[in-house]
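So the protein lines, in turn, are chains V and B.
One point on numbering: in the working numbering, the residue at position 39 of the first sequence is 39, and numbering is uninterrupted.
One point on numbering: in the working numbering, the residue at position 49 of the second sequence is 49, and numbering is uninterrupted.
FYI, nobody ran anything at the bench for these hints, they're computed from the structure.
This one's a predicted model, so the numbers in the text were calculated from it and none came from an experiment.
There's no promise every hint is true.
What the hints assert, rightly or not - Restricting the straight-line Cα-Cα distance to at most 27 Å, the calculated cross-link-like pairs of lysine-lysine (DSS-like) are:
# : chain 1 : residue 1 : chain 2 : residue 2
1 : V       : Lys-101   : B       : Lys-14
2 : V       : Lys-101   : B       : Lys-57
3 : V       : Lys-101   : V       : Lys-68
4 : B       : Lys-57    : V       : Lys-49
5 : B       : Lys-57    : B       : Lys-71
What the hints assert, rightly or not - Rough simulated footprint, nothing fancy, chain B against chain V, three-plus residues with beta-carbon under 8 Å:
# : segment
6 : 42 to 53
7 : 105 to 111
Claimed, not checked - Beta-carbon label-pair distances, calculated as ranges:
#  : chain 1 : residue 1 : chain 2 : residue 2 : range
8  : B       : Ser-111   : V       : Met-83    : 29 to 35 Å
9  : B       : Gly-53    : V       : Thr-72    : 36 to 42 Å
10 : B       : Ser-84    : V       : Met-83    : 19 to 25 Å
11 : V       : Ser-28    : B       : Met-41    : 20 to 26 Å
12 : V       : Ile-60    : B       : Pro-83    : 36 to 42 Å
13 : V       : Glu-66    : B       : Ser-80    : 42 to 48 Å
We put the beta carbon where it would ideally sit given N, CA and C, even for glycine.
So you can see what is in the structure, the chains are spelled out below.
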Amino acid sequence: AQSVTQLGSHVSVSEGALVLLRCNYSSSVPPYLFWYVQYPNQGLQLLLKYTTGATLVKGINGFEAEFKKSETSFHLTKPSAHMSDAAEYFCAVSQMEYGNKLVFGAGTILRVKS
Amino acid sequence: NAGVTQTPKFQVLKTGQSMTLQCAQDMNHNSMYWYRQDPGMGLRLIYYSASEGTTDKGEVPNGYNVSRLNKREFSLRLESAAPSQTSVYFCASSAQTSAQPQHFGDGTRLSIL
Chain V
1 AQSVTQLGSH VSVSEGALVL LRCNYSSSVP PYLFWYVQYP NQGLQLLLKY TTGATLVKGI
61 NGFEAEFKKS ETSFHLTKPS AHMSDAAEYF CAVSQMEYGN KLVFGAGTIL RVKS
Chain B
1 NAGVTQTPKF QVLKTGQSMT LQCAQDMNHN SMYWYRQDPG MGLRLIYYSA SEGTTDKGEV
61 PNGYNVSRLN KREFSLRLES AAPSQTSVYF CASSAQTSAQ PQHFGDGTRL SIL
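Isolated chain B, as found in the complex:
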């Protein structure tokens, strides 16, 4: 009963370091999403992938890159981490292409010092 799995759950980085957040879903879903959650701001869409092989920018893509490695996996990369990227990151998926997310992972708590 895995659903959407994110790794790692916690990470502390220094400014300028790079990191890849991993996400995998086992529900054969077409669409996958990366959000960041900041206090008092709800969730904001970083990038999404409507289907395998496609990715598109969301509301706040600057400083991030993504890869839809296959249908199961959708990774988020910070090339040069900045303190403003301290946040909780959620991966999500949906069965239908470009539909709203149905299932969320438990999040990755990332601190940039």
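Just chain V, same shape as in the assembly:
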């Protein structure tokens, strides 16, 4: 079965610093990969997704993620953190063989310090 591991339930960065949120997946075939963001008391918003093609994917709000098959990783980065980036971030994987159902990681709460 597919699964997603997000390393670090909490990450803290200073405003202006690099944001790196880690995600590793297990899959026997190349999956579709997603990052979602959840602001307090709101639902999830899709940040970006990888299906096929270019392994570096750009999303909204300056975030990007790189699919690395050899490392089974899909880490989320942003060069310069902003206070408004404080939220919880979820990595998710889906596979056609499982009806495209999403499997979510446990989430990483990002704190941005001024």
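Mind docking chain B on chain V? Use the hints.
What follows is chain B alone, placed relative to chain V:
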């Protein structure tokens, strides 16, 4: 600019009571989903509806039933609530049939005492 609307936003139930969570989307989306979110576990799929008139079980369907009333509405029912069903419930939708959810509601926070 409604998107996906869930009602109610908060609810407290006693063990054994029943309740229906309502969800409606105004984007003419084909697929709709119900997830539950628990601390440290991410979101888990309860049920989904790939298109109007169809529903299928997700990862954690036990204790729940759903109805896809029409293309807009997808309700989730707890027939006999249990404390283990205390959670935040999210409804979501996607334009394409069986695609990944694109839009989420703001959630229903449900406590079972």
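Next on the checklist: Are any of the numbered hints broken by this structure? If so, which, sorted upward?
Outcome noted: Structure breaks hints 1, 10.
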